[in-house]
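Assemble chain B with the ligands onto chain A, guided by the hints.
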Amino acid sequence: MSSAPVAANIEDRPRPVGDAGRAGQFVFVAAIILLCAWILVPLYLLFVNTLSSPAEVTGFPKSGLPSFSMGSVQFFLSFSGVGQALWNSLLVAVLTMVFSILLGAPAGYALSRFEFPGKEIFRLLVVMTRAFPLPLLALPLAVMFIRTGLDDTALGLALVHTVLALPFAVLITFSLFAGIPVELEEAAWTLGCNRLQAFIKVILPLVLPGIVASAVFAFTISWNEVFAASVLTIENRTLTAFLVQNLNVSPLHLKFAGGTALVLPALIFIFAVRKYLFAMWGIANR
Amino acid sequence: MAEIVIKNVAKSFGAFQALHALDMAIADQEFMVLLGASGCGKTTLLRIIAGLETPTQGEVWIGGRRVDHLPPRQRGISMVFQNYAVFPHLTVFENIAFGLRMQKMGQPEVERRVRRTAELMHIEQLLERYSGQLSGGQRQRVAVARALAMEPDVILMDEPLSNLDALLRLEMRAELKGVLAESKTTTIYVTHDQVEAMSLADRISVMNGGKIVQNDSPVEIYRNPAARFVGSFIGNPPMNFIPAKRTDNGRWAVAGLELDGPRTERELIEFAIRPEDVFPGEEGFVADVRVVEPLGAHTLVTCDVAGKPFRAVLESDRRVSPGETLKLMPAASRIRWFDLDTQTAIPA
Ligand SMILES: Nc1ncnc2c1ncn2[C@@H]1O[C@H](COP(=O)(O)OP(=O)(O)OP(=O)(O)O)[C@@H](O)[C@H]1O
Ligand SMILES: [Mg+2]
Numbered sequence: 001m002s003s004a005p006v007a008a009n010i011e012d013r014p015r016p017v018g019d020a021g022r023a024g025q026f027v028f029v030a031a032i033i034l035l036c037a038w039i040l041v042p043l044y045l046l047f048v049n050t051l052s053s054p055a056e057v058t059g060f061p062k063s064g065l066p067s068f069s070m071g072s073v074q075f076f077l078s079f080s081g082v083g084q085a086l087w088n089s090l091l092v093a094v095l096t097m098v099f100s101i102l103l104g105a106p107a108g109y110a111l112s113r114f115e116f117p118g119k120e121i122f123r124l125l126v127v128m129t130r131a132f133p134l135p136l137l138a139l140p141l142a143v144m145f146i147r148t149g150l151d152d153t154a155l156g157l158a159l160v161h162t163v164l165a166l167p168f169a170v171l172i173t174f175s176l177f178a179g180i181p182v183e184l185e186e187a188a189w190t191l192g193c194n195r196l197q198a199f200i201k202v203i204l205p206l207v208l209p210g211i212v213a214s215a216v217f218a219f220t221i222s223w224n225e226v227f228a229a230s231v232l233t234i235e236n237r238t239l240t241a242f243l244v245q246n247l248n249v250s251p252l253h254l255k256f257a258g259g260t261a262l263v264l265p266a267l268i269f270i271f272a273v274r275k276y277l278f279a280m281w282g283i284a285n286r
Numbered sequence: 001m002a003e004i005v006i007k008n009v010a011k012s013f014g015a016f017q018a019l020h021a022l023d024m025a026i027a028d029q030e031f032m033v034l035l036g037a038s039g040c041g042k043t044t045l046l047r048i049i050a051g052l053e054t055p056t057q058g059e060v061w062i063g064g065r066r067v068d069h070l071p072p073r074q075r076g077i078s079m080v081f082q083n084y085a086v087f088p089h090l091t092v093f094e095n096i097a098f099g100l101r102m103q104k105m106g107q108p109e110v111e112r113r114v115r116r117t118a119e120l121m122h123i124e125q126l127l128e129r130y131s132g133q134l135s136g137g138q139r140q141r142v143a144v145a146r147a148l149a150m151e152p153d154v155i156l157m158d159e160p161l162s163n164l165d166a167l168l169r170l171e172m173r174a175e176l177k178g179v180l181a182e183s184k185t186t187t188i189y190v191t192h193d194q195v196e197a198m199s200l201a202d203r204i205s206v207m208n209g210g211k212i213v214q215n216d217s218p219v220e221i222y223r224n225p226a227a228r229f230v231g232s233f234i235g236n237p238p239m240n241f242i243p244a245k246r247t248d249n250g251r252w253a254v255a256g257l258e259l260d261g262p263r264t265e266r267e268l269i270e271f272a273i274r275p276e277d278v279f280p281g282e283e284g285f286v287a288d289v290r291v292v293e294p295l296g297a298h299t300l301v302t303c304d305v306a307g308k309p310f311r312a313v314l315e316s317d318r319r320v321s322p323g324e325t326l327k328l329m330p331a332a333s334r335i336r337w338f339d340l341d342t343q344t345a346i347p348a
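Those sequence lines, one after another, are chains A and B.
The first sequence begins at 1 in the working numbering and counts up one residue at a time.
The second sequence begins at 1 in the working numbering and counts up one residue at a time.
Bound conformation, chain B alone:
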């Protein structure tokens, strides 16, 4: 019903190219998360889909209808703005009811929808307040409730939970996912929070510098980053990278170890491993421990491997202290390789 197709969309602001010829398809009822560093163009993309920004080139289709010439109100979307945009001259109730009143909905139905979404966002006790009397997190929830109350085909959310405390965010996250799945809404959701991205998304699009670098399921994004950027951006802590020199066909010297790797003509490529995929033992990278951070279930250890910082996540029952030297062995099945020139993954 409301699939979104983006064809060859680009956007420049003067000489600055914010988006580079993007192609993207979001299936009906899919929950798509946009992930990327600050300034990579996430908000710009959402605004183009919403009709608040005109693309320099390209087409936007929603539900089989080309919409790039339509004003926002005719696109069947609602949007949660990064800075909330709660109307200061209206009460919370009237804010949430705003879109419904525009549709000339009857008062009983307006009441019902407002109360329901307000309850969902845990703001039912704030309905008579003005936005000046709300905290940042409360304002944000009003913005989300206002968009949800519209029950649109497509909902665009720009970091809608960024201002909530960890516990509330966890709760809201679950509620949102439930409601949006139930209402069969197609969702594009922008976030900086990787855990949020992983837990909510059917699919994640990772953006970098105005391009989409990978568009895949959360597990795939995490396990098989298509580009070095994805590995270095996703994961907390992110992947470790070590230069690898070819010694033989398919054999690579990595920080004193010789490992099986891809058969390529290149002399120098990059070895990558996630911090939780190395294990201390008799053999492995020689790692001088610098910092030890106990995290409860695990211990995060920052070491020097071949003169570069290298992070490892170890079982917390293993006692490690700074100054110690460890031998860290990478799990063979979890090793990834990247081309230094193209910055993309090399299939092993």
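For reference, chain A alone in the conformation it holds in the complex:
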């Protein structure tokens, strides 16, 4: 058999454009399903195992469905120090969020609106801080913190986390402000506003969604950070540091419970501000 008849079988007629559209749509939907699965499957397994009894977690075969046994959760929550760690984490994350926006947004605004010498260097430096290895800083920082009395406090840790989150806050808010035409602000000035009023009445409403998004980002950076938290706190551990310290000696079902405790608040938080995230990414929410 030569290949000629095969070639003849391939239909070489024009096909409706809709075919390509349908194929594209299939790829699109498949990609979405894949992405969702990528996020949701691990989360699902985490939750299932958390809500199963210890025997089910270690046993085989698995049902794949939660038995809603609250044993692990109850045990985990009654584990001494968990509540305190959760509260510490929350406190540090909120402080980090507030600091990095209060410091980052003005810097982003200045970068977007003013020309000043060293602007490019400054922008580069902002990013460079991320390249600096934290372990190198850990010891001097710890010493400094002990001297100033900041060691083992939520404020001290929040400051370190702010340093980590700040570059993102600056760059995100910079691009937010840069995306707003200067003329809008100028129009406000000609209509009777001073700089601050124009900022509050015109710029702020326009950037708020983005600011919220970068605040969420700062929150999660702090929430997930474990190294600085482990080094700089002893009594007032954050949840991550607490779990790292205690969980590798705990049974499996407790690890799952701990994982859930880590993930859940971040999820709830992002869910609460999702409207702003969507607005930032161009999905209308009017």
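Think of the hints as simulated: they come from the structure by calculation, not from any bench.
This structure is a prediction, so every number in the text was calculated from the model and none was measured.
Each residue gets a CB set at the ideal place from its N, CA and C atoms; glycine is no exception.
Mixed in with the good hints, there may be bad ones.
What the hints assert, rightly or not - Beta-carbon label-pair distances, calculated as ranges: (1) Q103/B with L34/A: 51 to 61 Å; (2) T264/B with F116/A: 49 to 59 Å; (3) I32/A with E128/B: 28 to 38 Å; (4) S199/B with R195/A: 37 to 47 Å; (5) E128/B with I39/A: 32 to 42 Å.
Said to hold, decoys possible - Anything over 10 Å on all C-beta distances counts as not near chain B; from chain A, calculated: (6) A23; (7) W38; (8) T58; (9) S78; (10) K119; (11) V127; (12) L134; (13) A261; (14) I270; (15) R274.
What the hints assert, rightly or not - Pulled a few chain B residues facing chain A out of the computed Cβ check, cut under 10 Å: (16) R47; (17) A50; (18) L52; (19) P71; (20) R73; (21) S78; (22) M79; (23) F81; (24) P88; (25) F98; (26) R101; (27) Q103; (28) R146; (29) A147; (30) M150; (31) L156.
This is chain B with the ligands only, laid out in the frame that chain A set:
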């Protein structure tokens, strides 16, 4: 009350000089139109007057008060921006009311002013919309209404009607002129549209390369351009220019004709005539017709005179066709002469 005086104002952006030591005075309640090619510095000048840009040197006075150190809100101006700058997070109503609310004006008065200016700009049915739901021309009218509602002493408008269709522009133009005259506002109005400039202006300033080349009444600008640039920029189509060689004292050879002209020592100057000021006849420039464009009332004919394009506006009942040769005689009283070196007019 609100006359504007600009003294020796210059502006550079780095090494680039956008404005060269301008002097200008706009009388109280005057309607001044700034006209000039793209990039000649019109917006920059408006922004300096508004206080959005700091001049490199010079002074700005509004209503007898030196204002160049004052922020925009203390200058008694409002401005219509070239790109509208309508606030996207506010409705049209709130956009127009923005400045009034800053003045802490009572709600009934705000309502009244917003409705009135909106009606004037024919956007009263759009008051609840957001700028994202408006067309370019509608947005532009919101910007104008927002500035008008302030009832300022001085209004600065940067091409405020550029995005409207011809008919609406005609209508808005008339409305604007009426309102601004009635409210005794001093106006500086930037436009590219010469017809608009002619019809609105008490006075026109023609700018070129960061300088003011002529500042005069519309008719004077049109009839007696002070510089070659003005003649070549104003008028649609603009003036025709032909080199002129001196043959005798006060006599000049222009494309085969000998004409009376200025008595100057120069050997070579430039002859200029408006396209509507030449008449076909037995004598005149030998013109080979290239393109014929009927415009209704008139016919625009593009010819070759002495190897250069030359435009003439003829009565439309005269039949002309490409390839034909015409004799075009310039009306003696309308001939203008320009110095080739200084590019300025030579008095005849
Ligand atoms: N911020 C700036 N930095 C550098 N150059 C500038 C700046 N603003 C304006 N220019 C330059 O100054 C010149 C004048 O600009 P301007 O905006 O005043 O022109 P214009 O007359 O308003 O033009 P158009 O009719 O196109 O609006 C232009 O060559 C422009 O490139
Ligand atoms: Mg301009």
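Evaluation of the provided hints:
1. Q103/B with L34/A: 51 to 61 Å: 57 Å, holds
2. T264/B with F116/A: 49 to 59 Å: 55 Å, holds
3. I32/A with E128/B: 28 to 38 Å: Since I32/A and E128/B have Cβ atoms about 36 Å apart, the given range 28 to 38 Å holds.
4. S199/B with R195/A: 37 to 47 Å: Once the Cβ atoms are compared, 39 Å apart, the range 37 to 47 Å for R195/A and S199/B holds.
5. E128/B with I39/A: 32 to 42 Å: Holds, at about 40 Å.
6. A23: A23/A is indeed farther than 10 Å from all Cβ atoms of chain B, at 33 Å.
7. W38: 34 Å, holds
8. T58: It holds; T58/A is separated from chain B by about 55 Å at its closest Cβ, greater than 10 Å.
9. S78: 49 Å, holds
10. K119: 15 Å, holds
11. V127: Its Cβ never comes within 10 Å of chain B, the nearest being 27 Å, so this holds.
12. L134: 40 Å, holds
13. A261: Per Cβ check, A261/A is outside 10 Å of chain B; nearest 39 Å; holds.
14. I270: 24 Å, holds
15. R274: Answer for R274/A: holds, closest chain B Cβ roughly 20 Å.
16. R47: 8 Å, holds
17. A50: 6 Å, holds
18. L52: 5 Å, holds
19. P71: 7 Å, holds
20. R73: Holds, because the Cβ-Cβ distance from R73/B to chain A comes to roughly 5 Å (cut-off 10 Å).
21. S78: Result: holds, 6 Å to nearest chain A Cβ.
22. M79: 5 Å, holds
23. F81: 5 Å, holds
24. P88: This interface hint holds because 7 Å falls under the 10 Å limit.
25. F98: 5 Å, holds
26. R101: Hint holds; R101/B Cβ to chain A Cβ min 9 Å, cut 10 Å.
27. Q103: With a closest approach of 6 Å, the Q103/B hint holds.
28. R146: 7 Å, holds
29. A147: This interface hint holds because 8 Å falls under the 10 Å limit.
30. M150: 7 Å, holds
31. L156: Holds, because the Cβ-Cβ distance from L156/B to chain A comes to roughly 8 Å (cut-off 10 Å).
Going down the numbered hints, you'll see the structure goes against none, and every one checks out.
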